[in-house]
Amino acid sequence: MTILFYILGYLAVAGFFCMAYLKIRSYMAASPLHVRWELYPVPHEGAQKAAYGGSFMEEKDWWTKPRHISHWGDIKGILTEVLFLHATFEHNLKLWVRTYPFHVGMYMLMGGTIIVLCAVIAQIFGLNPQGGVMIFVGNVINAVVLVGALCIVIGGIGLIERRRNDEGLRRYSTPEHYFNLGVFVVFGVLGLAAWAVAPSYFELARTFIYNLLTFNFAPQTSTLFSLHLLLGFFLLIWIPMTNMGHLIMKYFMYHDIRWGDEPTNYSEKNKQKILEALKFNVTWSAKHISGDGTPRTWVDVATTNPTEKKED
Amino acid sequence: MKDNLRLTDVSTVDGQMVSIDLKEIPELAVDMHTMPWKPFTEEQKENTACILDEVCVLNIPKPKNREEEEELVNKFLDGVRKLFSKENNWTFLPMLETSMDNCVQCNSCSDACHLYEMSGENEMYRPNFRSEIFRRIYKQYVKKEPLAKWRYGDMNLNWKTVARLGELAYRCNLCRRCAQTCPIGVDNGLMAREIRKVFSQELGIYPRELHERGTMNHMKAGSSTGMTPEVVKENVEFIDEDYTEITGVGIHTPFDVQGADIMLLHNAGEIMAWPENIASFSLIFQEAGLSWTLSSKALAYDGVNYGVFYDDAQTARIALQHMMAAKELGVKKIVIGECGHAHKALTVIADRVIPFEYQVPRESCYVTLRDIVMSGRLKLDPSRNDFPVTLHDPCNVVRLMGIVEPQREILRKIAPQFREMPCHGVDNYCCGGGSGFAIMTRNNIEQWRGNISGRKKMWQISEAFKDCLGPETRKYICAPCSNCKGQIREILEHNDLYTKNNFAYGGLVELIVNAMTNVNPGFIEFEGAGEEE
Chain A
1 MTILFYILGY LAVAGFFCMA YLKIRSYMAA SPLHVRWELY PVPHEGAQKA
51 AYGGSFMEEK DWWTKPRHIS HWGDIKGILT EVLFLHATFE HNLKLWVRTY
101 PFHVGMYMLM GGTIIVLCAV IAQIFGLNPQ GGVMIFVGNV INAVVLVGAL
151 CIVIGGIGLI ERRRNDEGLR RYSTPEHYFN LGVFVVFGVL GLAAWAVAPS
201 YFELARTFIY NLLTFNFAPQ TSTLFSLHLL LGFFLLIWIP MTNMGHLIMK
251 YFMYHDIRWG DEPTNYSEKN KQKILEALKF NVTWSAKHIS GDGTPRTWVD
301 VATTNPTEKK ED
Chain B
1 MKDNLRLTDV STVDGQMVSI DLKEIPELAV DMHTMPWKPF TEEQKENTAC
51 ILDEVCVLNI PKPKNREEEE ELVNKFLDGV RKLFSKENNW TFLPMLETSM
101 DNCVQCNSCS DACHLYEMSG ENEMYRPNFR SEIFRRIYKQ YVKKEPLAKW
151 RYGDMNLNWK TVARLGELAY RCNLCRRCAQ TCPIGVDNGL MAREIRKVFS
201 QELGIYPREL HERGTMNHMK AGSSTGMTPE VVKENVEFID EDYTEITGVG
251 IHTPFDVQGA DIMLLHNAGE IMAWPENIAS FSLIFQEAGL SWTLSSKALA
301 YDGVNYGVFY DDAQTARIAL QHMMAAKELG VKKIVIGECG HAHKALTVIA
351 DRVIPFEYQV PRESCYVTLR DIVMSGRLKL DPSRNDFPVT LHDPCNVVRL
401 MGIVEPQREI LRKIAPQFRE MPCHGVDNYC CGGGSGFAIM TRNNIEQWRG
451 NISGRKKMWQ ISEAFKDCLG PETRKYICAP CSNCKGQIRE ILEHNDLYTK
501 NNFAYGGLVE LIVNAMTNVN PGFIEFEGAG EEE
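Heads up: the sequence lines are chains A and B, in that order. Numbering-wise (my numbering), the first sequence opens with residue 1 and increments by one. Numbering-wise (my numbering), the second sequence opens with residue 1 and increments by one.
Bound conformation, chain B alone (with noise of 0.2 angstroms):
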């Protein structure tokens, strides 16, 4: 199919419009094999839209007859009509007007995409493919351009176009490499969000993990992990009560300090499945003697907001939540903890969302952390960190925020062996899990994130450690945000490359704590076979 994939295809094709061949799919250096796609059962086949590749996101229900073929065009067309008027979009409309009409569609964005390079070239990847069908319904059906066909390229609108418009705007991880590449200012990314947004805020059709499981369970328990206030309170003091004993220094969380100069943001997510972050921040923020507190408020205790995801009213209104608990504690500024969508949901989208009264300043923790490193409030021994490191920039954080500098000044102090992956910093390539992937596990999901998304990763973090890899050197891959972290983790597991090459993965603050001279030895565990200290 790859080679002869058009545009149009889109709407004509029966079944399975692509078929992603895992020959086709680069080797790297480690041993990072393919997983087999699942076929999808006889029932899914029948009921379910499955029909742009191998993978299934949003599970749209199959069309029974006519009347719901047409009701789904009709209703996906409502939806482009809203998503191109100030007062339902004003948020993103000029980025998307622009987008719109100022491609000239030179293909210089192909080259940037982590997945067409790693899909093997497959035209459905190119970040301009999705956009142009886009495009062509807009200029066809909506604005109804004279000459549109000719001008823009003809493109049939039927339920299978809307159907695999829908799930192609989930075969982008809205990394933005293609708009850092792009000579006019085009924005792919953006594109496939909007689309994403059509979906959700009109049909309401989105993925489960991002929707039901994410933002609506965020606003019902308090977490898109489920945790009520009073649970998390609870794990937290296990986790302090842990941690105090594997490091041998005293870890005291603070919950709801009025006044406190700052309130911790943490991802939900690392109290269940990283609880060594959780301890790490508490650990360091005590030690430097910061004037700090969690929240113990619904919602305010985990800082993700899938909602930048897919759904502009649901970041809205979860990032009016974050501040104002900060607002009810009185903190001088938010923390932003080891999330690269929280720091830029918060900081960067809700700037311009939540009135500014309603504001508390937020800070990355990058920041704060290189300050209390470089400011020697922390005994630190880097020697205790001597193996190789290498560094993972979070696209949210790094390419979309600018911060670079922070978290290598505080590696350059405290690992020695600290070595750059290529293409890093701004240049840098999403984990793979970006944009809500790496929460998902279904229809093949999982699959896709080890054969194309998750690769070029791996691709990096190869070359940064190709003068040792194998099992004989412990490596240290310092991933600090939440969803990177899983999508790693994942990676490393499956292919069994915690024994195979001795790696070991987790956040910026497990490594201060980790050259911590108070601290018990050993804070950072290997399962490798590698050689000892």
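Only chain A is shown next, with the shape it has when bound in the complex (with noise of 0.2 angstroms):
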């Protein structure tokens, strides 16, 4: 059973890794350029054009300047999102107040898994588990994990809470919604009984990270962070499965579509790209594309004019 354990934990992880590679190949394999499809401000104008949403297409003859991208702006870009919902706080302050901590909290355990596995990582390397530095990383582990499963579950209520109450939300919200919701709450719980029965949850999550690294399957000592894990097993796989897999996705949806500006003349590879893409075959029925319905990629179907009538 200990080892049944071990290795579901093995398995999360690596499913999460797999998932998440699959999400990404699939978005990778899904077109080999798609068009040009930015939305304005885009972070990497610079500042004083993302100001106010302009773009390197206001400047004359832009095609013959070299191309600037401010790639400070776009990682602060990116980051004001991920780090303060800018958006929702922005367009939908009623769900920001739930949503954010509910983030928060999430934040703050991956950090936390983070920094613990860090840590366990230095005590393989010769890190005294008992000396200072450790009892340091204790107390703000300690410390994070109760602040931000506090988060999950309030915000988890408060965001299960307005799906059921506000008129439109209700309208689309489907059982996943709250049972992906419902989860989250209930590993927030299992994470603060832990927290409260277990003299340092620090020592539980080092101890368990540590068998894992170095294959010791040894039993757990407390109930409640068995629990607590074997659901945290169960979202790592099963976030990239669902709309939470905006987790990974969030990066290509900014950075490659609603900033992707590159213009082609810039682009040698887009180039080369663009050829091969206008090889493919095209399949659509409707007669103005389809023609008289003889095989034709979309070389064919740009340069036919389906008003002319065919010479015999």
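Treat the hints as calculated values from the structure; they're not laboratory data. One should not assume that every hint holds.
Where chain B lies over chain A, by a calculated footprint (3+ residues, C-beta under 8 angstroms) [stated by the list, open to error]: (1) 21-33; (2) 46-60; (3) 89-100; (4) 172-178; (5) 241-248; (6) 270-278; (7) 281-293.
Rough simulated footprint, nothing fancy, chain B against chain A, three-plus residues with beta-carbon under 8 angstroms [claimed, not checked]: (8) 252-258; (9) 299-305.
Ideal placement from N, C-alpha and C gives every residue a C-beta, glycine not left out.
Combine both chains into one complex, guided by the hints.
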């Protein structure tokens, strides 16, 4: 049973990365090159232009000038969105007051997990598990978990309440919405319970991750912590399979689509990709595309005038 | 119906599903009354699937029997499958898939939509309403995901669902203001356009104004207006003559000048409806000493590309011909006239559709005009424009291309009383005629534009001029986009706002010409009874 628990842990971590990889691969494979579909403001235009939503296309003969991209602008833009949920704050404040603590709680638990992982790696390389550094890290983690789990529970319950009581949201909420939020709330409650009952949540987490990394399948000492972890394993695999996968896809939806404004004259790679995509066969059935039904590529379609009568 | 409407109603309700109560429509500071909906005829009810609301854009024939019902559903599903294939939809598939999979149904987009607001917050107009129906169909019937009904919600798929979804795709101006507010990056405007594509590209169902009279006419006659090359040259010659007399400056519009620096690409609708716009461009370019030309090649004297509203094949065909004409003339760049969707189609969309070797650089006329005005090549007297002026931002140029400041730099220089509308720049609202509606005229579409889609724009305009509403003060609505102008003209005419409020509307170039000192004064005409200059 103990070994199975650890196997589930390995599977959850591997599963998360596999699912994330598949999601990203599917996105990348969907097209060699999609059309530009940018939406302004685009933060990499630089602070001055981004402030009002301007673009390089405001410049005369822009194609003759070197392309300037403010990577810092993009980083700032995505960080503002991810860390503060800026768009929700601006456009849906009633939801923001609920979803922001929920997200912050998740960030804290995710960040806490990474810190514990680092501490365990340091321990494997000789850091004294009873030493001052580890005690400091332990205190930080115990505080982070308390606040993070509380935030998840409060935010999660708030989101469920909002979905149930807001007429507009209720119509668009499916059983899965409530299930997902419910699982998070239970996950947070179990974390809080484990925190309250055990002498140190950090010790439980550190020991588990240490055992996981060193293949030491020792039994768990806290049932509540084990249940908390089991739910965590499930969430790791479940998140990429649901609309919560925006955790992974948001990067592409912002950087590649909303801010993806690279003109073709600056990209040799894109020039080739257009030629590649135009060779795809088209099977749309409407008469103005399919014509007489002979197989055709996008090049054939684009160079055909459907109003011209065929000459014999 | 509003309070009780559920997503699944699209498949269950018999007859008209939604009724927009005109009493629910918000009132404005300007006198803009609502227009009563005309009831559908008995013949329409019998033969056409006008079963969504009071409007009917697609006129889908009502299936006569079970076989026809199934045929409609199966063809639709075939189209959806193709929509999600790389080969058939490489242009948009990544955006479509991410919008299908990552929406958390938070409804943050609702308040951003002018249609939702101005319909009295009718449920059907939530940007997510149609997307969610489409999403459920896709997950349940195309992708066939396990537990799809539980996970995404059930959606019965029958001919009524298909017909209503098609119509729903045409209850959106594709302005993408909703997408701008989405915290995740989901694009409900894109979803509406993709649904339009399924109907056009697979089922051969489209609004006749966009297809038969639009793109097909464009490819057949040379212009969506039906004007042939000979007629265009003749008309422009007349315009030159007329406006030489009006302005007192000799105007000559050049055609087919090989090796000119610029090929100017007008929306040909301007030639017929707003000749002053054509003349203004010619006058400005001529007086600025530019090397430029129009093309008289079929398709290339009309910058419109209605394909961007509903069909990728038509988009590519027209964009290619625009590029080819410029290549043949050997120009250094194409300058796109005052037409928003022509800007986006040729500059942004065509950029990754037309092979680079066939591309010619494209520039917005706002940028070219800014360069002319700010360089001092024209002698301008801003006091000739000393009346309140506000600026409409065409979505395609501003939110979707980030061209925001050039037109403002011009206005700040030539219009002393320029004032912004609320929610301007990239936060603007659609004029109400976006995505093809400005040229559609039947089955209550005009009423829809006046009652719902154009209402928010009139709110913006009335707010911008709130200190000078009424007939006493002349006011100019600068709308540098042909379709937007058409929409604004209709609202002004229908509500008699020319006289009641002394509004004039027009483009940016007309305002520039109005300020040119070598032009006879009073180029812009106000029909109202306001004070004299």
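Tell me the hint numbers this structure goes against, listed in increasing order.
Nothing - there is no hint that the structure violates, so all of them hold.
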